[in-house]
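Chains as they are written, first to last, in the numbering used here: chain A, 1 to 272; chain B, 273 to 562; chain C, 563 to 904.
FYI, nobody ran anything at the bench for these hints, they're computed from the structure. It is possible that some hints are incorrect.
In silico DSS-like cross-links for lysine-lysine, where the CA-CA straight-line distance does not exceed 30 Å [unchecked claim]:
hint: 1; chain 1: B; residue 1: LYS375; chain 2: A; residue 2: LYS266
hint: 2; chain 1: B; residue 1: LYS503; chain 2: B; residue 2: LYS373
hint: 3; chain 1: C; residue 1: LYS776; chain 2: C; residue 2: LYS739
hint: 4; chain 1: B; residue 1: LYS503; chain 2: B; residue 2: LYS324
hint: 5; chain 1: A; residue 1: LYS266; chain 2: C; residue 2: LYS693
hint: 6; chain 1: B; residue 1: LYS373; chain 2: A; residue 2: LYS266
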Amino acid sequence: MKQPSVIPGFGLTLGFTLAYFSLIVFIPMIALGIRSAGLGFDGFWKAATDPRVLGALRVSFVTALIAAGVNVIFGTLIAWVLVRYRFPGRRIFDAVVDLPFALPTAVAGIALTAIYAPNGIVGQWFPFRIAYTPIGIVIAMIFIGLPFVVRTIQPILEEVSREVEEASATLGASRFQTITRVILPSLTPAILTGFALAFARGVGEYGSVIFIAGNIPFVSEIAPLLIYIRLQEFNYVGATVIAAVMLIISFAMLFFINLIQAWSRKRFGYGN
Amino acid sequence: MATKIRHLHRHHTSPVSESRTVQVIAIFLCLLFMALFLILPLWSVFIEAFAKGVGAYFSALVNKDAQSAIRLTLLVAAVAVPLNVVFGVCASWAIAKFEFKGKAFLITLIDLPFSVSPVISGMVYVLLFGAGSFLGPWLKSYGIEVLFALPGIILATIFVTFPFVARELIPLMQDQGTGDEEAALSLGANGWQTFWRVTVPNIRWGLLYGVLLCNARAMGEFGAVAVVSGKIRGKTTTIPLQVEILYNEYNGAAAFALASLLAMLALLTLVLKSFLEWRFGDELAATGRH
Amino acid sequence: MQVRIANVRKEFDRFPALHDVSLDIHSGELIALLGPSGSGKTTLLRLIAGLETPTDGKVFFGDIDASEKTVQERNIGFVFQHYALFRHMTILENVSFGLSVRPRATRPPAGEIRRRAMELLDLVQLSGLEKRYPNQLSGGQRQRVALARALAIEPGVLLLDEPFGALDAQVRRELRKWLREMHDRTGHTTVFVTHDQEEALELADRLCVMSQGKIEQVGSPDTVYDSPISPFVFGFIGESSELPVTVENGELWSGGRAIGVPAPDSKTGEARLFFRPHDVELVEHDASLAGVVTSSRRVGGTRRVELEIGGEGHKVEVDLPFDHPAGEKTRLSFRPKRWRLF
Chain A
1 MKQPSVIPGF GLTLGFTLAY FSLIVFIPMI ALGIRSAGLG FDGFWKAATD PRVLGALRVS
61 FVTALIAAGV NVIFGTLIAW VLVRYRFPGR RIFDAVVDLP FALPTAVAGI ALTAIYAPNG
121 IVGQWFPFRI AYTPIGIVIA MIFIGLPFVV RTIQPILEEV SREVEEASAT LGASRFQTIT
181 RVILPSLTPA ILTGFALAFA RGVGEYGSVI FIAGNIPFVS EIAPLLIYIR LQEFNYVGAT
241 VIAAVMLIIS FAMLFFINLI QAWSRKRFGY GN
Chain B
273 MATKIRHLHR HHTSPVSESR TVQVIAIFLC LLFMALFLIL PLWSVFIEAF AKGVGAYFSA
333 LVNKDAQSAI RLTLLVAAVA VPLNVVFGVC ASWAIAKFEF KGKAFLITLI DLPFSVSPVI
393 SGMVYVLLFG AGSFLGPWLK SYGIEVLFAL PGIILATIFV TFPFVARELI PLMQDQGTGD
453 EEAALSLGAN GWQTFWRVTV PNIRWGLLYG VLLCNARAMG EFGAVAVVSG KIRGKTTTIP
513 LQVEILYNEY NGAAAFALAS LLAMLALLTL VLKSFLEWRF GDELAATGRH
Chain C
563 MQVRIANVRK EFDRFPALHD VSLDIHSGEL IALLGPSGSG KTTLLRLIAG LETPTDGKVF
623 FGDIDASEKT VQERNIGFVF QHYALFRHMT ILENVSFGLS VRPRATRPPA GEIRRRAMEL
683 LDLVQLSGLE KRYPNQLSGG QRQRVALARA LAIEPGVLLL DEPFGALDAQ VRRELRKWLR
743 EMHDRTGHTT VFVTHDQEEA LELADRLCVM SQGKIEQVGS PDTVYDSPIS PFVFGFIGES
803 SELPVTVENG ELWSGGRAIG VPAPDSKTGE ARLFFRPHDV ELVEHDASLA GVVTSSRRVG
863 GTRRVELEIG GEGHKVEVDL PFDHPAGEKT RLSFRPKRWR LF
């Protein structure tokens, strides 16, 4: 199974890795699989097409899609500014991009609610409500997804060589043409990957969303919250079905990301 | 005159950069966006925490339930982080130093918890140990409570923080290869000596980086822990859960006071992380996402 | 097109990269900017292209002051050392790029762009590869795509920055020959930067030798090789040996002895003698330079002998036919046949 090597510890480390992985991740996930399978197709379908479940899935997916879209636009711009421009405080802003990775989601949730509430420092300037509506969900998902986009694009943008841009200029392309026809297309795989990561994270997000969402069924109730509610009701079947649907979709996303990267590596000779 | 202005303008614009005006607008837009979505929320945590004065802030922190939540959070992190460090080191040793079948698949599997909603991460343990499961009642007959108790909280925390150390160390150790270890072994060192005196010094900053991120997530995890904890005040509430309880009781100032502890932890994490990236950037794996 | 560089100076953050450089590039010639790294040759090329702006001085394309034009307006073809191909575009898209980004008014129709791109791919012998992506080509092929792409906009001047620098020796030699043929066929005014003197000597109509931000000498390969005007050029182009000598009574002296080389036109006093190792004659008896053989190795068809002259450790190299009996000796006497004093 393994190549001969003089380095010791293969059995020990791989054994521990597999055992630990099995106990913590694999067996529990299998339990989830068995529970869903136990329902049979009809039971599964019936539970999955429950109107409230469909409503929650729709809210989660639509808001995550919008948030990932906003993040792609601003995330690309932020990556661009951080890589290309020099201005005072750049290093600090670069570090702040990672805040959503470091700040616990519950803290982010109550803080976003405080500022985007109708009487909050930002919310009061808007003629419509932000917090306690689907817009609030989008806001929370933007917060949580931004670093995924920025950190995926940044290293690729750093690699775009100056020579390529100069080549474009010598061929007569305006700066705008160079950006839209040369630089952005070469960032496309990274942008798609960032989008997929931000989207997947948004769909699964719970902590930062539930405070700002309002949690009204069919309007602002997200799928993870519905799982939580079902679990509180000891309705494990209902919870399992929603979880299974979400997992299938996030694995499809993961597969999609891997596909983009494989395609990009093959065709253009670079990944991400 | 016109040519002169044109000429001066040319001096400042490189053919591979945007005009200063465009740059200023772009920078301003980014800063505005980041202020609205990142900086303002962080700022408001501290504003709201002190909304009722310094006295209220500290009394919220010394409150009995708050103290118990802090203790529980520290305990959970103190168990989960070291376990994930051991796992991360083992996994990266096996993956980076050896060739075996299914390696790429194993690397993908290790990242799995990142693509699972935290609520689902908690839920799998409810299914495994909850009512109607096989394991739960069996363990209960021996007096072991997993769900709505400390073991469940620790398990859920381990699950969500599972990949942090490993995904930092795997690319780092893969880059470093096996040359150093082979040299040490050829000089007569045994396996343990090689590990402690050659490998560990090589990976220490990457390890610290992984531990930092793992710890931040372990202390701040909300969704997964919320599902398994049962939220018994003073017993199974971690800081994030206590924040939620206080917030839902309309005790905003106390909720934000407790939240400010986590915000400070986040700031500390960011500062240390930036420091590590700045000072030891070449000894870290080039990963930015989690 | 004729290119004239007039008193150009360039500073990067106060660090001078070029001092007061002037150069006339004739229409249709192939000229090499040759020099060690840091000599300013690439900076000069980039100034012609408009990728850098001079701190002082002007660049004229014909009679037009090109300093007033942006790189986009200058209509130059630039070939980069690392090709700088657009890796998300096919070869055909790469070559068509320059025409397709033109404003609508001057842009040829799509069919015409395609026809011209295919023609160029044919010219650079890459027909059939137009649907490939750059990373599916070899280094030499990529460089030819880069050239076709630069030629597509029908540039007034073709500028090449170390065009063969990233290629291995074999491909490099082939492409060198091929570039010369291309130039003879298309007749573009061409400037190329290189640090490889062999490449410059073989390829260029004229050389412009640069050092430390200044032009040392401009001339045909023969002129530069046979009559270098400075110690730098003598040392940089071709093999050379150097020895401190004294000029007295219209003769060269070394170590207190006349060496049998008359120098009637040279100024009396200390000087440095430069000669090529192969431009020497062995002498038996007369006044000559004599030295102890310190090493001897065969280089191709000749034997290169290193001699120590005098007691101060000055070393020079001379070439002998590899089977010459003198190659076995421990002492040699010789006179330079062609030499210069600086």
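Consistency of the hints with the structure:
| no. | hint | verdict |
| --- | --- | --- |
| 1 | LYS375/B / LYS266/A | holds, 21 Å |
| 2 | LYS503/B / LYS373/B | violated, 44 Å |
| 3 | LYS776/C / LYS739/C | holds, 29 Å |
| 4 | LYS503/B / LYS324/B | holds, 26 Å |
| 5 | LYS266/A / LYS693/C | holds, 15 Å |
| 6 | LYS373/B / LYS266/A | holds, 23 Å |
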